[in-house]
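Those sequence lines, one after another, are chains A and B. The first sequence begins at 5 in the working numbering and counts up by one. The second sequence begins at 694 in the working numbering and counts up by one.
Hints are computed from structural coordinates only; laboratory data are not their basis. It should be emphasised that the depicted structure is a prediction, and the values quoted were computed from it without experimental measurement. From the three backbone atoms N, C-alpha and C, an ideal C-beta is built for every residue, glycine too. A couple of the hints might just be wrong.
Said to hold, decoys possible - Result set (EDC-like, lysine to aspartate or glutamate): computed pairs, CA atoms no more than 20 Å apart in a straight line:
1. Lys319(A) <-> Glu940(B)
2. Lys17(A) <-> Asp854(B)
3. Lys259(A) <-> Glu921(B)
4. Lys695(B) <-> Glu735(B)
5. Lys297(A) <-> Asp705(B)
6. Lys142(A) <-> Glu910(B)
7. Lys849(B) <-> Glu188(A)
8. Lys167(A) <-> Glu43(A)
9. Lys289(A) <-> Asp933(B)
10. Lys203(A) <-> Glu248(A)
Said to hold, decoys possible - Partial selection, computed: residues in chain B whose CB lies under 10 Å from chain A:
11. Ile719
12. Ile827
13. Ile856
14. Val858
15. Ala916
16. Lys923
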Amino acid sequence: MGKLSSVWLFSEKKERYAQLLIAADILGETINAIVLDGEDISGSSGFYADTVYSLDDRSSGRCVENYAETMAAAIKKDNYATGLLLLSTTKRDKALAARLSILLNAPLINEAVDIRMEHGVLLVEQRLHGGLAIGLKKIHAEFAIATLPPGLFTATTVEPTRKASCQTLPLDYLPPHHSIIRQEHYSKPVNSVELAKAKCVIGIGRGLTAQDDLQMIQSLASCLNAEIGCSRPIAEGERWLGRERYIGISGVMLKCEVYLAIGISGQIQHMVGVNSAKVIIAINKDKNAPIFKLTDYGIVGDLYTIVPMLIDTLKS
Amino acid sequence: MKIITCCKLVVDEQDIVIRPDRSLDIAHAGAKISQMDLNAIEAAMQLAREQDSIAALSVGGCLLGHSKLRKDILSRGPHALYLVQGDKLADISSKDTAQILALAAKRIGFDLILFGEGSDDIYAQQVGLLVGEILQLPTVNAVSDITLDGDSVLVKRTLDDEIEVLRLPLPAVLSVTSDINVPTLPTMKAILAAGKKPVVVWNEGDLGWSPSVADIETISIRALNQAERKQILIESALPDAVGMLAEQLRKSLNLVS
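Required output: the full structure, derived from the provided sequences and hints.
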C-alpha cells in the first residue's frame, strides 16, 4: 500500500522511458505509457507498462506539445483516485507538461531530484537558489506532473513487477487550440565532448580576458589530458565555447577526479556543477573570491603568470 | 505593438547565510531582478520599434515595494511598470503566479508577452508556459531568437538536439533562454529617467483573483550538503606554489612525471 493508483508516462525521447518505467513501477499500482507510433519502450530494461497508448506522430508534425489535449482526454478517462504523470526534462517535454498542468489542473514539478511515496503521500524534492538548497514538497493534489532528469532511478536496485504489457491502444488525436508548426528545423552541430565523463576538467571564467588565451588553456589541457569547460558568461556572453561546455546547474554536472577552475569567481550556480568532483583546485587573483571556500587547493595569483609556469613544470 | 515583459524580484542567493542546521537565513539578503528576466526585457527592447510600447509586469510581496528595485526594472527600458503586490503573494505557486499574470496582462493589453525561461530562486521553468495556456495563446519555451514578421513572430527555439524555427501568430507568449542576448547595462541617463516613469500598483483583489487550496506544500528547505573541501590556500611564492600545484595534479591524476 502507499502507492498512487495510476502513473502515466511519456517522453519525446525513446531512451528516457527506461527511467520513467522504473519510477512508475516504484510509485504506482497501474502504469500507463503513452508512446509515439507504437514505439516499443520496454527494450532491454525489462520494465513494462500495463497499458500502452499510441499516438500517431504525423498528427503533431513532430511537435509533441500538440498532443496535450489528446493526452489530457486519455488521462481524464482513467478512473484514478491518485495519479501522476512523468516526463523527461527535455525542453519539449517540459512545454507539454506545462500545458497539461493547466488542462489537468495538476501541479507540475520540473527537474525533481527525488520523488517518493511516504506514508501514502507523494513527496518531491527540487533544487532552489541556483542549487544552494533543496526544497522538500508535499503534493496535496489528486494528480501531479513531474519531469525527471536522467539518472534518478536505475534498474540496479529495483526488480520489475510486470513481465509484459497487457495491451496497446491507439489514441485519437484531439487538435490543440494552437498547433505548433515548424517552418524549418536542423540538427545542432554534433559535439562529441563528454565533459561529464572526463577524468580531469579545466574550467575557465571571466578571469580570462581574450579568446586567444584559450590556446594557453588548451596547452595546459593537453598536459593533463583534460577537457575544457566554462562558466556561463563564457558560454553565453562571450561565446568562446559552446553551450555544451557550460558547467553548472543548467549545464553539465561533473563527476571528475580533478576540477581546475581558472579565473572563476565561484558562483553557486556554477559550483553546484562541480560538487561531485573529487578534488577542486582554483587559480584566481582575488583572494576574497567565493570559490576559495569551495576548493581543496587554491592559489591566489595572476593566471597569466601561473598557467604558463604550470605548463612548463608539468612538461619537465 | 504592445509588449509585456514579466519579471520576478528574487533574493540574491550570494547573500544567503546557511545556519548550522542547514536552514537558510535570508533576512539580510539583498534582492535582484532574476537573470533570465533581464534577457526577456532586453529581447523586448531589441524588438520594439519607435511606435511600440513595453510594459514590465511583476507579481510579488514586499520586495515589490522597494523603490530601488522598481527603478532598476524601469532603467532597463520599459516605458511603464505594473505591479501586483500583496503580502499573500510572496511565495505563491507557479500556477497562482500565472493566473495573476494572465489577469493583469489582459487588463493591460498586449500583442506579445515575454518571460525568462525560469527564475533564479526556484527555476520552476513553467510560469511563461502556464500563462500562455491559461490565455489559450500560442506559447513556446527555449526561445533563442525572435523576429517580428507582420502580424506574427518568427521564433528560433534551441531544443536539446535540434534548432527549429516557428511562425507564431500574434498575440503570443514566449519564454526566452539566457543565450538569446546579453542584457545591456543601464546608462546613467536611463537610470535617471527611470524615476519619472509610471508605476501602477494593483493587489490581487483588484484583478478578481483569490487563492485556491494549495496543491503543493513546502515541508522544508535545507542547504545542499556540500562536499567537504580542504580549503587549503597555497601561500608560498610563485615558483614553489606552482610546483606544489603540479605535484598535487600529478598525484590526483596518476600522471607519469
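Each hint tested on the structure:
A hinted pair counts as satisfied when its Cα atoms are at most 20 Å apart, and Lys319(A) with Glu940(B) qualifies at roughly 12 Å. Straight-line distance between C-alpha atoms of Lys17(A) and Asp854(B) comes to about 11 Å, which keeps the hinted pair within the 20 Å bound. This hinted pair checks out: Lys259(A) and Glu921(B) have alpha carbons roughly 15 Å apart, not beyond 20 Å. Restraint check: the Cα-Cα separation between Lys695(B) and Glu735(B) comes to about 15 Å, which is no more than 20 Å; the hinted pair holds.
Under the criterion of a C-alpha separation no larger than 20 Å, the hint pairing Lys297(A) with Asp705(B) is consistent with the structure, at around 18 Å. Simply put, Lys142(A) and Glu910(B) have alpha-carbon atoms about 5 Å apart, close enough for the 20 Å limit, and the pair holds. At roughly 10 Å between alpha-carbon atoms, Lys849(B) and Glu188(A) fall within 20 Å of each other, so this suggested pair holds. For the suggested pair Lys167(A) and Glu43(A), the alpha carbons sit about 18 Å apart, so the restraint of at most 20 Å is met.
Note on Lys289(A) and Asp933(B): the hinted pairing holds, with a Cα-Cα distance of about 17 Å set against a maximum of 20 Å. Under the criterion of a C-alpha separation no larger than 20 Å, the hint pairing Lys203(A) with Glu248(A) is consistent with the structure, at around 17 Å. With a cut of 10 Å, the hint placing Ile719(B) at the interface with chain A holds, because the nearest CB-to-CB distance is about 9 Å. With 10 Å as the threshold, the beta carbon of Ile827(B) comes within range of chain A, its nearest partner Cβ sitting at about 6 Å, so the hint holds.
Hint on Ile856(B) holds. Least Cβ distance to chain A is approximately 6 Å, under the 10 Å limit. For Val858(B), the suggested interface contact is upheld, since its CB lies about 5 Å from the closest CB of chain A, less than 10 Å. The beta carbon of Ala916(B) is positioned within 10 Å of a beta carbon in chain A (closest approach about 5 Å), and the interface hint is therefore held. With its C-beta approaching chain A no nearer than about 4 Å, Lys923(B) sits inside the 10 Å limit, and its interface hint holds.
Every hint from the earlier list agrees with this structure, and none is contradicted.
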